[in-house]
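So the protein lines, in turn, are chains A and B. Per the working numbering, residue 1 is the first one in the first sequence, and the count goes up by one each step. Per the working numbering, residue 1001 is the first one in the second sequence, and the count goes up by one each step.
These are calculated hints, taken from the structure and not from any lab test. Given the structure is predicted, the values throughout are model-derived calculations rather than measurements. Keep in mind that a hint or two might mislead.
Which bits of chain B does chain A cover? Going by a derived footprint, with three or more residues having C-beta under 8 Å, they are [stated by the list, open to error]:
| # | segment |
| --- | --- |
| 1 | 1282 to 1295 |
| 2 | 1299 to 1305 |
| 3 | 1415 to 1425 |
Glycine included, every Cβ here is placed at the ideal spot set by N, Cα and C.
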Amino acid sequence: MTRWLQDPILRVDHLTMRFGGLLAVNNVSFAAGRGDITALIGPNGAGKTTLFNCLTGFYKPTSGRIAFSAGRLDDAKIGTLTRSARKHDGETFLLERMADHEIVRKARLARTFQNIRLFQGMSALENLMIAQNEALSRAAGFSFIGLLGLPSWRRAEQAAVERAVGWLDRIGLRKRADDPAGSLPYGDQRRLEIARAMCTNPALLCLDEPAAGLNAAESHGLAELLRGIRDEGETSILLIEHDMSVVMRISDHVVVLDYGQKIADGSPAEVREDPAVIAAYLGVEEHDEPAVEAALQGQALGSGA
Amino acid sequence: MPAEKMLRALREAGWATLVVAGLSFPIIAYRAEPDFNNLLALQPRWPLFLQFCAAAFLLRFFLSLWSGGEAKVKPARVWPKLPWLGPLLLAGLTVYPLAVVALLGPQAALKWIDTYGVQILIYVLLGWGLNITVGLAGLLDLGYAAFYAVGAYAYALLAPLTGLGFWALLPVCGLLAAFWGFCIGFPILRLRGDYLAIVTLAFAEIVRIVLINWDVVTHGEAGLFGFPGLNFFGLPFIPGPRGFAAHFGLPFQGVQKQIFLYYLVLVLALLANLVSLRLRRLPLGRAWEALREDEIACRALGLDTRNIKLTAFALGAFFAGIAGCLFALRQGFVSPSAFTFSESALILAIVVLGGGGSQLGVAVAAVFLVGASELLRELTFLKSVFGPDFDPAQYRMLLVGLAMVAMMNFRPRGLVSTRAPTVRLSNPSSGPSDHLLPQGEKGVAS
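Work the whole structure out from these sequences, hints included.
Rendered as structure tokens:
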């Protein structure tokens, strides 16, 4: 049994997302291992971002279950929770039942966007402060203590600034802390968005094409950053990526989607050799078609079981 | 190439004249007036029409010649930091009513304190309130006068009913307005931009029409008057032994009440300013600005955008409620005609002209827009130029329009279009103001 099935942080079961007549995600099941970097790959239009939006609450899936736990994902607990009407029991969360901001706050799952969504007019430091807004606003007594400027509030704010500065140091943007985020170079904006997501203290970090538009040196730096985050052991990573060099270098586990269906699932080396994946990316010659069809059938049965 | 430049200027002037002719033809070329049989008759006014066209032609022609006909993009000028500006303004505002009384005498000073002091300060307070909703949170509110009306009517109705003084009713007015801000906030949580603006506009009209038609309570168009006025901690401003003047051994003067009201409004406005400035640096204020920049990113960071929007609406409305209470105290009379759409539009114009998000800019814009339109009334000497029928106060909206056109040309992001970060690493006093950021792209004006 593979590692990500033994101790998953996220388990997706039979997830389907339908937009009218379009099946964007069709009966997809997979698990993301705790402490792993899991990559979600597939050709354009395969349904990767739709799947992401389902995980993070931006879409309500048509059917299926998304179980998540920062602690330990336990089958019995998921079962009880599924039968009840509750969204979570404080430890295990059913994400398909939760609103987007609850998912970030309670379940501790953070995301970035394919087209960077920073607060462009606000400074880099402010961007990282907003990510800590929940805890800060509790420390500010929902503004009342903060308005009076009591020391407990000032200490909390100082701590938040230090945490933000720690991340600015890590992504090499300390010097530009007070510059508007929109004025930073593209690569810096990408890293700032990742740092901002990390400031929400997530157990799972979901990255939507973090290496898109980066040059070779920048994507190398990004790979180092992500590996660093994983090696600290606090945060697992799930990422969508097109840049195969990044995927193969850093990921522990690769899930491949095509036309909304899962066609492969395994270690990078396994996936690279998979005939269905090669077919999806490169196309198939006519005399190979029966073999690929058979492989696809096998996959579909395997994931359905 | 002067000939070529001349030709281009001529061409541009020709187009401008065509546009002006097309626009002014239905308004200016004919005037509809009732004749002896009370039927409308069209009076041709072709000379006036031609004058307008000629003016447009000449203006555009010389503008094109002078500017070279090309739009120039100038980098935003960075203002030097003026640490003495705040205390100086404060001192000026504190001394103002006393100085006016000393200079002009108590009778002549009345107008200067009431119209130019109290009235403008009420608009500054309104501008700062709307600045929270529109400038910081980016929620376009076209119906702000509704909350202003709630505050004014709350005081006018509750003061005689409960017998409470204005010290007790001031927060009540604010809270009632905030409650309505909260209520209107709920149904429009999902709306954004233009749709939100339309619904707030409709809400303001509903409030105004209810005020007109709910005769039993609001006395309709006639409005409410005769409610208890201002008092100095229990001492009314009346002649006689129980009044304020007698208690302090002063001769009774009408201006005493205005001076007290002036200081009251000043203190409340400064308090509102302090609260706004502090809130901006707190998580709540930062969340408002984040909401203006990008709502989806807010949700992805776990911010509950519903609460953020509701607090922005409610707090903005709270300030309007306070301002409404002060308005009732100043006028001694409230009627629905004071809370029309043009009132909402004026307050919004103050915020937009001031540059959404900036406290000083909003205050300057309020002084300019309200003060200048009041000053128009003073220009009675123009009657000798344009004839006795000329009423300069009628040109108030023209002034607002000119201010907007000038702003679009010279300062498209408002008077003060830079924003200082709410938290910074580098020492703010280390440089001049090169740390000021340009206002977010998704600000009010866009």
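Using C-beta distances, would you say chain A covers the segment 1415 to 1425 of chain B, given that this needs three or more residues below 8 Å? holds (count 6)
8 Å C-beta criterion, at least three residues: is the segment 1282 to 1295 of chain B covered by chain A: Since three or more residues must qualify, the claim that chain A covers the segment 1282 to 1295 of chain B holds, with 9 doing so at under 8 Å.
Outcome, coverage hint (the segment 1299 to 1305 of chain B, chain A; C-beta under 8 Å; three residues): Since three or more residues must qualify, the claim that chain A covers the segment 1299 to 1305 of chain B holds, with 7 doing so at under 8 Å.
In summary, this structure violates none of the numbered hints.
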